[in-house]
Amino acid sequence: MSPTLVRYRQALSDFWSARNERERKQLLLAAAVAVLALVYMLLIEPAYLGRQQLQKNLPNLRQQAVELQTMSMQASALARETPPPPPPMTRESIEAALARAGLKPQSVAMAGTDLAKVQLSSVSFAGMVAWLDEMQKTARVSVTDASITAQGQIDTVNANLTLRQQKSE
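The numbering used here puts the sequence shown at residues 109 to 277.
Since the hints were derived computationally from the structure, they do not count as laboratory data. Since we're looking at a predicted model, the values are computed, not measured. Any given hint might turn out to be false.
DMTMM-like, lysine to aspartate or glutamate: derived pairs with alpha carbons at most 25 angstroms apart [claimed, not checked]:
(1) Lys245 <-> Glu153
(2) Lys164 <-> Glu153
(3) Lys164 <-> Glu200
(4) Lys225 <-> Glu175
(5) Lys225 <-> Glu189
(6) Lys275 <-> Glu200
(7) Lys212 <-> Glu200
(8) Lys275 <-> Asp253
(9) Lys133 <-> Asp122
(10) Lys275 <-> Asp241
(11) Lys245 <-> Asp222
(12) Lys245 <-> Glu175
(13) Lys225 <-> Asp263
(14) Lys164 <-> Glu175
(15) Lys245 <-> Asp263
(16) Lys275 <-> Asp222
(17) Lys212 <-> Asp253
(18) Lys225 <-> Glu203
(19) Lys275 <-> Glu203
(20) Lys212 <-> Glu189
(21) Lys225 <-> Asp241
(22) Lys164 <-> Glu131
(23) Lys275 <-> Asp263
(24) Lys133 <-> Glu175
(25) Lys275 <-> Glu153
(26) Lys164 <-> Glu189
(27) Lys212 <-> Glu175
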């Protein structure tokens, strides 16, 4: 044992032997009360308060679980449904979508029922990307070929796009 520990042990032994029987009983009782208080404060009380909090929150958590299950069933039912086919892509629908986006095409040419070539001159790149995003969402149109050239002004481009409409599956 280390000398420091031996010293403390000797001091404790001297302190204990200097006490009479009644003082020893009182010190043991005080130590037992202190240990019980620590056990209560560190172990029992937090568990008890946590249990009360859980019992208070449990009805709300059960309600949320039921709502999540309901939403999950609705989502799976919606996933099984087939979306309606998009309207067929026409020159007029492309020109109308471009007009809604504030873009003026230089030319729009249809090649069959599901392929279109669009030529844009001096248009906003951000506006063109927003238009393509809208076309992808509403008409299931994707870009199969693109040639984009930046112009002198910021956010201005010339673009030649080939668009293909995805068929329903």
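Checked hints:
For a cut-off of 25 angstroms, the pair hint linking Lys245 to Glu153 is broken: about 57 angstroms separates their Cα positions. Note on Lys164 and Glu153: the hinted pairing holds, with a Cα-Cα distance of about 16 angstroms set against a maximum of 25 angstroms. Restraint check: the Cα-Cα separation between Lys164 and Glu200 comes to about 61 angstroms, which exceeds 25 angstroms; the hinted pair is violated. Straight-line distance between C-alpha atoms of Lys225 and Glu175 comes to about 48 angstroms, which puts the hinted pair past the 25 angstroms bound.
For the proposed pair Lys225 and Glu189, the alpha carbon gap of about 32 angstroms is over 25 angstroms, so the pair is violated. Taking the CA atoms of Lys275 and Glu200, the gap is near 19 angstroms; set against the 25 angstroms cutoff, the hint holds. A threshold of 25 angstroms between alpha carbons decides the hint, and for Lys212 with Glu200 the separation of about 13 angstroms falls inside it, so the pair holds. About 18 angstroms separates the Cα atoms of Lys275 and Asp253, which keeps this hinted pair within 25 angstroms; it holds.
For the given pair, Lys133 sits about 16 angstroms from Asp122 by alpha-carbon distance, which is consistent with the 25 angstroms threshold. Our distance criterion of 25 angstroms between C-alpha atoms is met by Lys275 and Asp241, whose separation comes to about 18 angstroms. Using a Cα cut-off of 25 angstroms, the hinted pair Lys245 and Asp222 holds, with the two alpha carbons roughly 16 angstroms apart. Among the hinted pairs, Lys245 with Glu175 is inconsistent with the structure: their alpha-carbon atoms are about 29 angstroms apart, more than 25 angstroms.
Between Lys225 and Asp263, the direct Cα distance comes to roughly 22 angstroms. Compliance with the 25 angstroms bound is thereby established for this hinted pair. Using a Cα cut-off of 25 angstroms, the hinted pair Lys164 and Glu175 holds, with the two alpha carbons roughly 19 angstroms apart. With a C-alpha separation of about 23 angstroms, the suggested pairing of Lys245 with Asp263 holds against the 25 angstroms cut-off. Annotation: proposed proximity of Lys275 to Asp222 holds, straight-line Cα distance about 8 angstroms (limit 25 angstroms).
At roughly 20 angstroms between alpha-carbon atoms, Lys212 and Asp253 fall within 25 angstroms of each other, so this suggested pair holds. At roughly 12 angstroms between alpha-carbon atoms, Lys225 and Glu203 fall within 25 angstroms of each other, so this suggested pair holds. As the CA atoms of Lys275 and Glu203 are separated by approximately 21 angstroms, the hinted pair is consistent with the 25 angstroms bound. For the hint linking Lys212 to Glu189, the alpha-carbon distance of about 37 angstroms lies beyond 25 angstroms, and the restraint is violated.
With a CA separation close to 17 angstroms, the supplied pair Lys225 and Asp241 stays within the 25 angstroms bound. At roughly 47 angstroms between alpha-carbon atoms, Lys164 and Glu131 are farther apart than 25 angstroms, so this suggested pair is violated. With a CA separation close to 33 angstroms, the supplied pair Lys275 and Asp263 exceeds the 25 angstroms bound. Distance hint between Lys133 and Glu175 is unfulfilled; the C-alpha atoms sit about 61 angstroms from each other, more than 25 angstroms.
Using a Cα cut-off of 25 angstroms, the hinted pair Lys275 and Glu153 is violated, with the two alpha carbons roughly 65 angstroms apart. Of the supplied pair hints, the one linking Lys164 and Glu189 is violated, its CA atoms being roughly 40 angstroms apart against a limit of 25 angstroms. For a cut-off of 25 angstroms, the pair hint linking Lys212 to Glu175 is broken: about 48 angstroms separates their Cα positions.
In this structure, the hints that do not hold are numbers 1, 3, 4, 5, 12, 20, 22, 23, 24, 25, 26, 27, in rising order.
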